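Novice: Sequence:
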Amino acid sequence: MNRTLIISILAVVIVVTLGSASFLFYNRNLNAKGWEMVNLAEQLMEAKDYENAVKTLLPLAGKGTRFEGADRVLYDLARAYQGTGSAEAEQLWDRLAADFPKSEYYPEAQMHRVRRILAIKPQEARPILDDLIKNATGEVRAQAQLGMAQILEKEQKQDEVRAMYYDILSQDPPWNIESQVKDRLTEINNATLWSPVMDEFSQLHTVEKGEAPVVVGQKYRTTAWYVLEANNLAKTLHPGQKVKVPKEPFAVRVNKKRCRLELVTESGRFIKWYLCGVGKISEKTPAGEYTIINKEVNPKWYKPGGGVVKPGDPENALGVRWMGIGGSLGIHGTNEPDTIGKPESAGCIRMHNHDVEELYKLITYQTKVTIIEGK
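Taking the numbering used here, the leading residue of the sequence shown gets 5, the next gets one more, and so forth.
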């Protein structure tokens, strides 16, 4: 081989080697600086400084796939734009879904995309939702189920809707999803709770000779009011008559953090919930297991500093109903409706008067009451 050719080949090898080394150095440098920028942008978003997060990420987004975390950049940039209220966010979610189908952020990008489709063309959204329900996990899967439930409701497939909602609850979803599901289940279940329509919470009882509504109520640990009103009946029952009664006793669960009182079955199945108020000082509404030990319609209020306030008096802090659970602790109405949904009471569980009237008709002596701290 001639000497000139050898020198030329060596020159090419050296150039290629140097070029490769330079390229590797550049990429390593780009990736190192890129992750620094991503971390900075995420810190800015935690501080809700979305505009500076956008400014930090935009130069990195321009590098495309030359940066190893390109999908993370699009994900963060979409969230940052979303924080600013910019419509640019939706375009970025679409781009993330289109360009990175294998990314861990793909399901969330698809969920953002499908929400827009769901609003205008629900049937086109269905296959995307189906895929997310099968393959996504956590909050994204629960969001997909919420979307599918909307479609099922429009199709009037109520049984499938209820099953979908209960499946979401079984996954212990985040609060924003849990509250939507429980609001909707409250509406759905309330429609059958006070009607002769049978549901998963009810069974039929055949009235025996001499059985009054109060006797039937006691047998199933509910009240005469519920036996009559749920069956659209007057004050009497007739032997052989079939009436709707609870399949299992009702129970109550109070979440202190969320200021929610839930009506559940004794085994814990959610039926509906109500806003409530709890103790201003948390220890005054102690978490624990209780039972209803006394009930009173239009109770007198024995003021802590002394004195008695008559029923119906605007100053009566107990409202229209009282259900005691031990000592001075109880569930009652209120003359301060603005405090419902807040930790504002002296320790008792407050409810709107119309809500406590309904609850009073459902639960009875020895009904279980569980108070939890909540999360």
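These are computed hints drawn from the structure, not numbers from a lab. Honestly, I wouldn't trust all of these hints.
List of simulated lysine-lysine pairs, BS3-like, C-alpha gap at most 25 Å [stated by the list, open to error]:
1) 246 x 125
2) 261 x 239
3) 213 x 276
4) 213 x 288
5) 125 x 138
6) 251 x 161
7) 138 x 239
8) 261 x 314
9) 260 x 299
10) 276 x 372
11) 251 x 372
12) 260 x 239
13) 314 x 260
14) 186 x 239
15) 346 x 288
16) 276 x 158
Treat the numbers as computed from the prediction; the structure is a model and nothing was measured.
Novice: Evaluate each hint against the coordinates.
Specialist: Right, here's what the structure says about each hint:
This hinted pair does not check out: residue 246 and residue 125 have alpha carbons roughly 45 Å apart, beyond 25 Å. For the suggested pair residue 261 and residue 239, the alpha carbons sit about 41 Å apart, so the restraint of at most 25 Å is broken. Of the supplied pair hints, the one linking residue 213 and residue 276 is violated, its CA atoms being roughly 34 Å apart against a limit of 25 Å. Proximity of residue 213 to residue 288 is assessed by CA-CA distance (about 47 Å); at most 25 Å being required, the pair is judged violated.
Note on residue 125 and residue 138: the hinted pairing holds, with a Cα-Cα distance of about 21 Å set against a maximum of 25 Å. Taking the CA atoms of residue 251 and residue 161, the gap is near 24 Å; set against the 25 Å cutoff, the hint holds. Among the hinted pairs, residue 138 with residue 239 is inconsistent with the structure: their alpha-carbon atoms are about 51 Å apart, more than 25 Å. Between residue 261 and residue 314 the CA atoms are separated by roughly 32 Å; this puts the pair beyond 25 Å, and the hint is violated.
About 22 Å separates the Cα atoms of residue 260 and residue 299, which keeps this hinted pair within 25 Å; it holds. Note on residue 276 and residue 372: the hinted pairing holds, with a Cα-Cα distance of about 16 Å set against a maximum of 25 Å. For the given pair, residue 251 sits about 16 Å from residue 372 by alpha-carbon distance, which is consistent with the 25 Å threshold. This hinted pair does not check out: residue 260 and residue 239 have alpha carbons roughly 38 Å apart, beyond 25 Å.
Between residue 314 and residue 260, the direct Cα distance comes to roughly 29 Å. Violation of the 25 Å bound is thereby established for this hinted pair. With a C-alpha separation of about 33 Å, the suggested pairing of residue 186 with residue 239 is violated against the 25 Å cut-off. Between residue 346 and residue 288, the direct Cα distance comes to roughly 14 Å. Compliance with the 25 Å bound is thereby established for this hinted pair. Restraint check for residue 276 and residue 158: the C-alpha separation of about 22 Å stays at or below 25 Å, so the hint holds.
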